[in-house]
Amino acid sequence: AQTVTQSQPEMSVQEAETVTLSCTYDTSENNYYLFWYKQPPSRQMILVIRQEAYKQQNATENRFSVNFQKAAKSFSLKISDSQLGDTAMYFCAFVFTSGTYKYIFGTGTRLKVLA
Amino acid sequence: NAGVTQTPKFRVLKTGQSMTLLCAQDMNHEYMYWYRQDPGMGLRLIHYSVGEGTTAKGEVPDGYNVSRLKKQNFLLGLESAAPSQTSVYFCASSYFFSTDTQYFGPGTRLTVL
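As you go down the protein sequences, you meet chains A and B in turn.
So the first sequence is numbered by this note's numbering: it starts at 1 and just counts up by one.
So the second sequence is numbered by this note's numbering: it starts at 1 and just counts up by one.
Take these hints with a grain of salt, some might be off.
[Stated by the list, open to error] Subject to a maximum C-alpha distance of 25 Å in a straight line, what follows is the list of computed DSS-like cross-link-like pairs (lysine-lysine):
| # | chain 1 | residue 1 | chain 2 | residue 2 |
| --- | --- | --- | --- | --- |
| 1 | A | 73 | A | 55 |
| 2 | B | 71 | A | 102 |
| 3 | A | 70 | A | 102 |
| 4 | B | 57 | A | 102 |
| 5 | A | 78 | A | 112 |
| 6 | B | 71 | B | 9 |
Derived from the structure by calculation, the hints contain no laboratory data.
One chain only, chain B, in its complex shape (with noise of 0.2 Å):
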């Protein structure tokens, strides 16, 4: 039982560069979310996922999409990355909706140049 995994650990993109980071849970979790982590604020939800093939909007998803085409995986992506989408990015997976504890991956480090 591996958790909450996290893929790739750290990453360094130039301005204007794609990808995806892959968040896998093992736990059947239903609920699924993406929170960035800046230096001296807190975790800002960017995207939640309520289950298989939903998703929306958390506080702060410009420049982000995200996709869960399998309950175990919820799928970011940065189309064009912008120096201000540095940050560290947390997956996180919740049984029950909000009120329920929810797992951290370990995160992911992304330097965008």
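Pulled out of the complex, with its shape left as it was, chain A reads as follows (with noise of 0.2 Å):
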């Protein structure tokens, strides 16, 4: 069974300071995609970065980026230069792209940026 883990419940970072929020997950399929979302305190979930499997370049989104390693089935989300609207929940996704549709989401890493 596809599984996505989300390991750091809750960090914390300065304002200005860069943060890394980790995801693993754990699967058979070749072909898949990788989200990141956010769900800030309206509740509303927004796509932060996505990333497809079959590309080795990491993705990158203004000051977002990820670190994904496919033979180690990670997927790191990587905030620089961290402002205050960035408290949120965050959460990362994985798509089937073959055979059963299947989308899987961690349960999350809540991230409060400080002033």
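Using the supplied hints, reconstruct the complex from the two chains, each of which is provided in its own coordinate frame.
This is the structure we're talking about:
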């Protein structure tokens, strides 16, 4: 069975510093996609970044970047120059691209950015 | 452009009552999804739809029914609510199936007493 594990339930970081959120997954699939979603206190989930498993290059979106290590089944999110608005729950998600549709979320990491 | 909207935002039911949650999207997306979010757990897929008139079961479909009579709307029904269905329900939509970004609604907090 496919699983997604976020081992850090809570983290905090000082404003303007860098923080890394970890995510590991378990699958025998070769073709899949990985996502990081942000859920602020308003509760609405927003996409942060997306990575295709067949791409070796790590995805980057402004201050957000990932360290994707396919062999290790690891997909960490790095937030640079943290801002107060980054305070939120962050969910890692894994999606199959073949066979039965599966969209599996981790349990989330609560990130607090401190002023 | 409102994106994905959900109605209602909050609801309290008694055990055995029925209700319908409405999800609407104005992005012309083909695919729509219903998830539930429980404390300490990630989102779990209840049902999804790959187009108007089609629905399919997700990971936790028991106790729920869905309908997609119009492309822009995806309804989630609880025929006989149970306390185990107390949760926050999220609707999402995407243009391409499974690999595309999903756009989420603001959620509905449902309490079943």
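Hints, verified against the model:
no.: 1; hint: 73/A - 55/A; verdict: 14 Å, holds
no.: 2; hint: 71/B - 102/A; verdict: 22 Å, holds
no.: 3; hint: 70/A - 102/A; verdict: 19 Å, holds
no.: 4; hint: 57/B - 102/A; verdict: 11 Å, holds
no.: 5; hint: 78/A - 112/A; verdict: 14 Å, holds
no.: 6; hint: 71/B - 9/B; verdict: 22 Å, holds
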